[in-house]
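K.L.:
What follows is each chain in one-letter form.
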Amino acid sequence: QKEVEQDPGPLSVPEGAIVSLNCTYSNSAFQYFMWYRQYSRKGPELLMYTYSSGNKEDGRFTAQVDKSSKYISLFIRDSQPSDSATYLCAMSAGNYQLIWGAGTKLIIKP
Amino acid sequence: SQTIHQWPATLVQPVGSPLSLECTVEGTSNPNLYWYRQAAGRGLQLLFYSVGIGQISSEVPQNLSASRPQDRQFILSSKKLLLSDSGFYLCASGSLGVEAFFGQGTRLTVV
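Chains as they are written, first to last, in this note's numbering: chain A, 1 to 110; chain B, 1 to 111.
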């Protein structure tokens, strides 16, 4: 079993829909949870960063962490074609290393 | 904020040739630096990380090596490339395992 599981997709939704992206993990020591967006042939960029449990909102993006279920989510409201990308979750216990999901490819159809 | 400069963007090299990829960081001092490799459709694999000049830790024994000759310079090298070294190489900077800033990557094809 991988430490972090993420459905690779692709996930295709119409423009304006609410998108839900998820990761599950097995290591209860993880305290830091991150979501990155990666456009094709580009490096990842940090979207959201959450420490421990709870919700965090930034514009159209909301990150949720449920440590009891070992489950994290990223919600995108009013999705736009420009949101089409691969979304990677990553997490760590606060040491040097991030543990990465494989990424979910998201396609927003105009 | 930090900026990671990484070059070249694309590289095609024959099997057995040497490799040198360079990464430089702006906007911070004494950063933690990372080299990752990303296979198509897969997550990121950490290759090396460095917490300071001359300090390199390797995560995966392989055909590659890394060096940090200056505070904000990180170099990935190989003496003889293998076909299996093909991939997308990313340099990153960040706090210990909390977050990272990435360069734009080098797509390496070994032929």
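Just so you know, these hints were derived from the structure itself, not from any lab.
Note that the coordinates shown come from a computational prediction; the quantities given were computed from them, not determined experimentally.
Glycine is no exception: its CB is placed at the ideal position from the N, C-alpha and C atoms.
Take these hints with a grain of salt, some might be off.
[Unchecked claim] When the alpha-carbon atoms are kept at most 30 Å apart in a straight line, the in silico DSBU-like pairs for lysine-lysine are as follows:
| # | chain 1 | residue 1 | chain 2 | residue 2 |
| --- | --- | --- | --- | --- |
| 1 | A | K56 | A | K70 |
| 2 | A | K42 | B | K80 |
| 3 | A | K56 | A | K42 |
| 4 | A | K42 | A | K109 |
| 5 | A | K105 | B | K80 |
| 6 | A | K105 | A | K67 |
[Claimed, not checked] Some chain B residues judged to face chain A by a derived CB distance under 8 Å, without partners named:
| # | residue |
| --- | --- |
| 7 | W7 |
| 8 | L11 |
| 9 | G43 |
| 10 | L44 |
| 11 | L47 |
| 12 | K79 |
| 13 | K80 |
| 14 | A100 |
| 15 | G103 |
| 16 | Q104 |
| 17 | G105 |
| 18 | T109 |
K.L.:
It remains to establish, for every hint, whether it holds in the given structure.
P.N.:
Hint-by-hint comparison with the structure:
no.: 1; hint: A:K56 - A:K70; verdict: 17 Å, holds
no.: 2; hint: A:K42 - B:K80; verdict: 26 Å, holds
no.: 3; hint: A:K56 - A:K42; verdict: 25 Å, holds
no.: 4; hint: A:K42 - A:K109; verdict: 21 Å, holds
no.: 5; hint: A:K105 - B:K80; verdict: 34 Å, violated
no.: 6; hint: A:K105 - A:K67; verdict: 24 Å, holds
no.: 7; hint: W7; verdict: 12 Å, violated
no.: 8; hint: L11; verdict: 13 Å, violated
no.: 9; hint: G43; verdict: 4 Å, holds
no.: 10; hint: L44; verdict: 5 Å, holds
no.: 11; hint: L47; verdict: 12 Å, violated
no.: 12; hint: K79; verdict: 26 Å, violated
no.: 13; hint: K80; verdict: 27 Å, violated
no.: 14; hint: A100; verdict: 7 Å, holds
no.: 15; hint: G103; verdict: 5 Å, holds
no.: 16; hint: Q104; verdict: 5 Å, holds
no.: 17; hint: G105; verdict: 5 Å, holds
no.: 18; hint: T109; verdict: 13 Å, violated
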